[in-house]
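Q: Given next are the chains, with one letter for each unit.
Protein chains: 2
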Amino acid sequence: MTHVFDEAIALTPTASDHVVRAQTHPAYNNMVGPFGGITAATVVNGIQQRPDVLGDPLALTINYAAPIAEGQWDLDLRPVRTNRTNQHWVVTISQSGQVAATGTAVFGVARDTWSDTEPTPPAAPPAEEVEVSEYVDFIAWAKNYDKRFVAGGMDGRNDADSTSTLWLRDRPERPLDFPALTAMTDVFYPRVFLRHGTYMPAGTITLTTYFHATAQELEAHGTGHVLATARAARFGHGHFDQYGQLWSGEVLLATTHQLVYFKDPA
Amino acid sequence: MTHVFDEAIALTPTASDHVVRAQTHPAYNNMVGPFGGITAATVVNGIQQRPDVLGDPLALTINYAAPIAEGQWDLDLRPVRTNRTNQHWVVTISQSGQVAATGTAVFGVARDTWSDTEPTPPAAPPAEEVEVSEYVDFIAWAKNYDKRFVAGGMDGRNDADSTSTLWLRDRPERPLDFPALTAMTDVFYPRVFLRHGTYMPAGTITLTTYFHATAQELEAHGTGHVLATARAARFGHGHFDQYGQLWSGEVLLATTHQLVYFKDPA
Numbered sequence: 001m002t003h004v005f006d007e008a009i010a011l012t013p014t015a016s017d018h019v020v021r022a023q024t025h026p027a028y029n030n031m032v033g034p035f036g037g038i039t040a041a042t043v044v045n046g047i048q049q050r051p052d053v054l055g056d057p058l059a060l061t062i063n064y065a066a067p068i069a070e071g072q073w074d075l076d077l078r079p080v081r082t083n084r085t086n087q088h089w090v091v092t093i094s095q096s097g098q099v100a101a102t103g104t105a106v107f108g109v110a111r112d113t114w115s116d117t118e119p120t121p122p123a124a125p126p127a128e129e130v131e132v133s134e135y136v137d138f139i140a141w142a143k144n145y146d147k148r149f150v151a152g153g154m155d156g157r158n159d160a161d162s163t164s165t166l167w168l169r170d171r172p173e174r175p176l177d178f179p180a181l182t183a184m185t186d187v188f189y190p191r192v193f194l195r196h197g198t199y200m201p202a203g204t205i206t207l208t209t210y211f212h213a214t215a216q217e218l219e220a221h222g223t224g225h226v227l228a229t230a231r232a233a234r235f236g237h238g239h240f241d242q243y244g245q246l247w248s249g250e251v252l253l254a255t256t257h258q259l260v261y262f263k264d265p266a
Numbered sequence: 001m002t003h004v005f006d007e008a009i010a011l012t013p014t015a016s017d018h019v020v021r022a023q024t025h026p027a028y029n030n031m032v033g034p035f036g037g038i039t040a041a042t043v044v045n046g047i048q049q050r051p052d053v054l055g056d057p058l059a060l061t062i063n064y065a066a067p068i069a070e071g072q073w074d075l076d077l078r079p080v081r082t083n084r085t086n087q088h089w090v091v092t093i094s095q096s097g098q099v100a101a102t103g104t105a106v107f108g109v110a111r112d113t114w115s116d117t118e119p120t121p122p123a124a125p126p127a128e129e130v131e132v133s134e135y136v137d138f139i140a141w142a143k144n145y146d147k148r149f150v151a152g153g154m155d156g157r158n159d160a161d162s163t164s165t166l167w168l169r170d171r172p173e174r175p176l177d178f179p180a181l182t183a184m185t186d187v188f189y190p191r192v193f194l195r196h197g198t199y200m201p202a203g204t205i206t207l208t209t210y211f212h213a214t215a216q217e218l219e220a221h222g223t224g225h226v227l228a229t230a231r232a233a234r235f236g237h238g239h240f241d242q243y244g245q246l247w248s249g250e251v252l253l254a255t256t257h258q259l260v261y262f263k264d265p266a
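Sequence order for the protein chains is A and B.
When you line the first sequence up against the UniProt record's numbering, it's residues 1 to 266, in that order.
When you line the second sequence up against the UniProt record's numbering, it's residues 1 to 266, in that order.
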């Protein structure tokens, strides 16, 4: 049986070598358009399927220029420069002849070098001891994640600190891979909701994720929970940023940064 | 008299509406090719000069695909989607018909909203009380910055913490604007040098900066020192990330994230 995540990131060929076709999946809908994480994951999936791909994802930036409407969309993927150990991709998502998102990706070959991780994962009780929580019913995509908040849950409010930390995995369980990790870097609800304890119009404008994990580390992780944490630095003038980290035990899988649009509640 | 920074980011028209021409400036040379910060600043300058630009920089990603050789290079800037309050740009830097860098930018209009800044600037004595330090002589671009390290100076070594914090301004003094701020987000020397107390081959692969500052805040800052801080999270497999913040007093001007290539010293 195909996992719903794999259905949502599936691609079909087109007449063009560098364009593949995706299809929005109702299980990954957001309030307006699809969950940004599933769009980003589809891009990673598309590049990974290319016969000319070099190595694994190192960096991904996706700029959400307009909502994607329900239905088919085109993913244009061009490898504009291939070096000895890395490869640069330019990404364009279009629908009905209009650009809906732009992006770039860097893929590369893991080399053996000196290594160290400076931060430590946030303190958290084991996932089994933390209650599962749900986002509101109309956020379809969130139902595909088992989410266990250790700090900054969606039913809360914090007047000073926008940190959310949660145990996170696909529901049903699915082995962690690069597309799944990509989607998880966008799983945090907007930090401005936590500061106000209420909803307001908000959406990701641009997302950048750095993949520190190797394919071997993702395989070793398996289907267990990832520990994910994110916090904003500055809110103002209609935008805020968010910096996040995703951990597998002591292994820092990814760091992620995004800029989010928001409107004050009426 | 034109400031050397303005000479370095200067652009001339070409026969194409969406391509302008830049020229490397010896004062901003790095070890191989130009300082990545001056390339990024030139992109911001190019978009700001476009008659069809909407608002000010919100986000910029530049992927350094290959070194730019000394001489002229072409900057292709396309506004692929203009919304009510923001505008998405796709950036291509080429030289001799090859892609040397790719990128994307989001510009937008500042709106009045609720605001807050969660972190505080790093503790630092006043800039006047901190000694000016220089990078090594062959790093030409660094001579154009007054750099006063409060932590993690280039002559040091730290076995556990890659943080550098410094007071920073253009030399000679120059009023802070978006291109100058852009360049400053790449001013940190590679974090891996600090961890080892030595040089090794290293270079930025991709840089993403979010501009929290408004044009008014930059104008209010004037020519004084910015307080800049950066730290890596994970080193390994030939790469590390760096997260940084740039402050004007209590005002968080920008957050920045980059992925850097490195090789172990022989």
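You may find that some hints are simply not true.
To be verified - Quick list of simulated restraints, FRET-style, between CB atoms:
{"hint": "1", "chain 1": "A", "residue 1": "Gly71", "chain 2": "B", "residue 2": "Pro125", "range": "54 to 62 Å"}
{"hint": "2", "chain 1": "B", "residue 1": "Ile139", "chain 2": "A", "residue 2": "Ala15", "range": "48 to 56 Å"}
{"hint": "3", "chain 1": "B", "residue 1": "Thr120", "chain 2": "A", "residue 2": "Pro67", "range": "35 to 43 Å"}
{"hint": "4", "chain 1": "A", "residue 1": "Gly222", "chain 2": "B", "residue 2": "Thr120", "range": "34 to 42 Å"}
{"hint": "5", "chain 1": "B", "residue 1": "Asp112", "chain 2": "A", "residue 2": "Gly55", "range": "42 to 50 Å"}
As the list claims (entries may be wrong) - Here are some chain A residues the structure puts well away from chain B; computed CB gaps all over 12 Å:
{"hint": "6", "residue": "Ile62"}
{"hint": "7", "residue": "Ala69"}
{"hint": "8", "residue": "Gly103"}
{"hint": "9", "residue": "Trp114"}
{"hint": "10", "residue": "Val130"}
{"hint": "11", "residue": "Glu134"}
{"hint": "12", "residue": "Asp137"}
{"hint": "13", "residue": "Lys143"}
{"hint": "14", "residue": "Ala160"}
{"hint": "15", "residue": "Ala233"}
{"hint": "16", "residue": "Gln258"}
If you're looking for bench data, these hints aren't it; they were derived computationally from the structure.
No experiment lies behind these values; they were computed from the predicted model shown.
Beta carbons are placed, not taken as given, at the ideal position from N, Cα and C, and that holds for glycine.
Q: Going back to the hint list, which numbers does this structure go against?
A: 6, 8, 9, 14, 15, 16
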